[in-house]
Structures are given as C-alpha cells and as structure tokens.
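Protein chains in written order, with the numbering used here: chain A, 1 to 116; chain B, 1001 to 1178.
Hints may be right or wrong, so weigh each one.
[Unchecked claim] Here are the computed distance ranges between Cβ atoms for each label pair:
1) A:Leu74 - B:Gly1075: 42 to 48 Å
2) A:Glu77 - B:Thr1105: 33 to 39 Å
3) B:Asp1090 - A:Ala64: 52 to 58 Å
4) B:Pro1050 - A:Pro46: 48 to 54 Å
5) A:Ala56 - B:Asp1159: 34 to 40 Å
6) B:Lys1118 - A:Tyr66: 50 to 56 Å
7) A:Val72 - B:Ala1164: 52 to 58 Å
8) A:Gln70 - B:Asp1159: 31 to 37 Å
9) B:Thr1044 - A:Arg103: 40 to 46 Å
No wet-lab data here; the hints were simulated from the structure. Here a beta-carbon is modelled for each residue, glycine too, at the ideal position from N, C-alpha and C.
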Amino acid sequence: MSLEDDLRKALRRKAPPEGFAERVVARVVLPPAAGSLARRRQGRSPLVRALAVAAALVITAAAASYYRHQVVQLDGERAARELRIALQIASEKLALVERRVNRDDDTKASTREVPR
Amino acid sequence: MSTWMRGLLCCAVVLWMPALASAQGARLQLDKLARLNAQASEVTDITLDPAMLQLAGNFLSDPNGGPGLKELLSGLKGVYVKTYKFDRADAYTPADVEGVRSQLTGNWVRLVSTQTKKEDGREIVEVYSWREGERMGGLAILVAEPRELTVVNIVGPIDLNRLAGLQGQLGIPNVPIK
C-alpha cells in the first residue's frame, strides 16, 4: 500500500457514534459539578477576599506577638533565677567573711583590715 | 581636620576619660578564669548586664513580700559571679587569684582580708568596695578555698548588710559554710 492510500483512509469522513450530539449538548447545558476550586474562587466577592487576607494578617501578627511574649517571659524567668543564685552566692560568701572576721576577733590569728 | 579641632577633640577625650573609667571601673575582667572550666567539677558562671538585670527585676518577687529585694537591686549595673569547684586541691594556681586581685586597685578599697590555713591548703577571703567619692559604686568578693574559687562582682550601689541578710531567703536552700 502506498502512503497516499493510507492518508486517504485515515482522513475519510466518518459518522459520529450514536448519541454523540445529545451527550455534548447535555454537558454544555447542565451546571458544573459540585465544583472546581478555580470557579468557586472566581465567584467570591472582593470584600470576602479582603476579609480573608485581613484575618490571615491578624492571626499572623497575634502569633508573632505571642511568640515574642513567650521569649521575653522565658528570658526574664531565666535571668531572675540566675540573679537569685548570684545573690545567694554573694550572701553566703559575705556570711563566710563575717564568720572569719568574728573568729579572728576572738583568736587574733589572722589579718583584718579596717575600711579606709 | 584643623589643629584647633584636633585639640578640642583631645580635650574632650581627656575630660571624658575619668567618667568612662568610672563606668567600666567596677566591672572586673574575669575572662582569664575561663581556662578553669575544663578542670572544675562544677562551674557556676552568671553574667547579668543592665538589660538582663532590668528584665530579671520584672520576674523577681521579694521573699518577704515587700519591695525590699527590688529596692536592693535598683541602681545596679551588673552582677557577675564565677564559682569553680574542684575535686583536687591544687587545680587553680596563685596566678589565677592574682589575675583578679591585680584589678582590685585604684578606686577599689579593701574592706576585709583574711587568710586561714587549712588541711589541704590556704583559704583567702577578701572583700573590696568600689568608691565613687563618698558612695559605694560596686562590690567584689574573692574567696579562694583549696577546692573552690569564687569571684563575685557587683557593679552599682549595693547595701552590704541587706545583701548579707538575703542568705537562705531566695528560694535556694541555705548551704552551711564550714
């Protein structure tokens, strides 16, 4: 068979299958199925979209603020804990100094300098 | 820059030097003690600058329910504490102690100095006060025990009696001192 014959056979006019036209018409006339997301989005009003964006911004800002507050709270609690420990060590060492000085007063064994 | 401008700048620097020295003066440089971190069995290293002190003040309640603790801390510009505990007696050298002591000159006035001979070495206890005219602008406590080295550096005015009175009141168990 020649190429010409093949082409002729392939491009030969054919009748559509039975019921094809009815099916096409039915598809065009009927409303879209429960729906494509894109079509639904197109249907939303600008006000709804603006409100959605505003709500997202408010939620993001609130979350950021809460996170910042938590960080400050943790830092503050850690600093307060460290300060307590520092003051405790300082007061313990001062108590040690006091004991040594009092003992020295009794025994006169060590040196003690009077504030200038 | 013209000559008189340079002269003016030099004068300003010279005039500001004492003020700058005073601001930094009560703060001890304790970085060299960091080498002891590897040798110590227990290290307490606390650095609270003015910003951290202010933050801590908001979260600190007075153990007696009054404003006493916050009053004691008001005006402080820094609290720095380093404590090293060792398993053996010769873990730190006299040079480590001298590195701190050598800074305690100038405006620093020694209030107390005691030396005690112990079984495994010598104990040195010293307290210094930073003087700004008539008022006290800082405190340094140096305690060198055979197995423990402690440096406390408080920058800013502090009431010694009230500080000593805090022992066992801050929610931390009172550890008896031998």
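Here is what the structure says about each hint:
1. A:Leu74 - B:Gly1075: 42 to 48 Å: violated, 26 Å
2. A:Glu77 - B:Thr1105: 33 to 39 Å: holds, 38 Å
3. B:Asp1090 - A:Ala64: 52 to 58 Å: holds, 54 Å
4. B:Pro1050 - A:Pro46: 48 to 54 Å: Given about 51 Å between the Cβ atoms, the range holds.
5. A:Ala56 - B:Asp1159: 34 to 40 Å: violated, 53 Å
6. B:Lys1118 - A:Tyr66: 50 to 56 Å: Distance hint for Lys1118 of chain B, Tyr66 of chain A holds at roughly 54 Å.
7. A:Val72 - B:Ala1164: 52 to 58 Å: violated, 32 Å
8. A:Gln70 - B:Asp1159: 31 to 37 Å: holds, 35 Å
9. B:Thr1044 - A:Arg103: 40 to 46 Å: Violated, since Thr1044 of chain B and Arg103 of chain A (Cβ atoms, about 26 Å apart) do not stay within the stated range.
Checked against the numbered hints given earlier, the structure breaks hints 1, 5, 7, 9 and satisfies all the rest.
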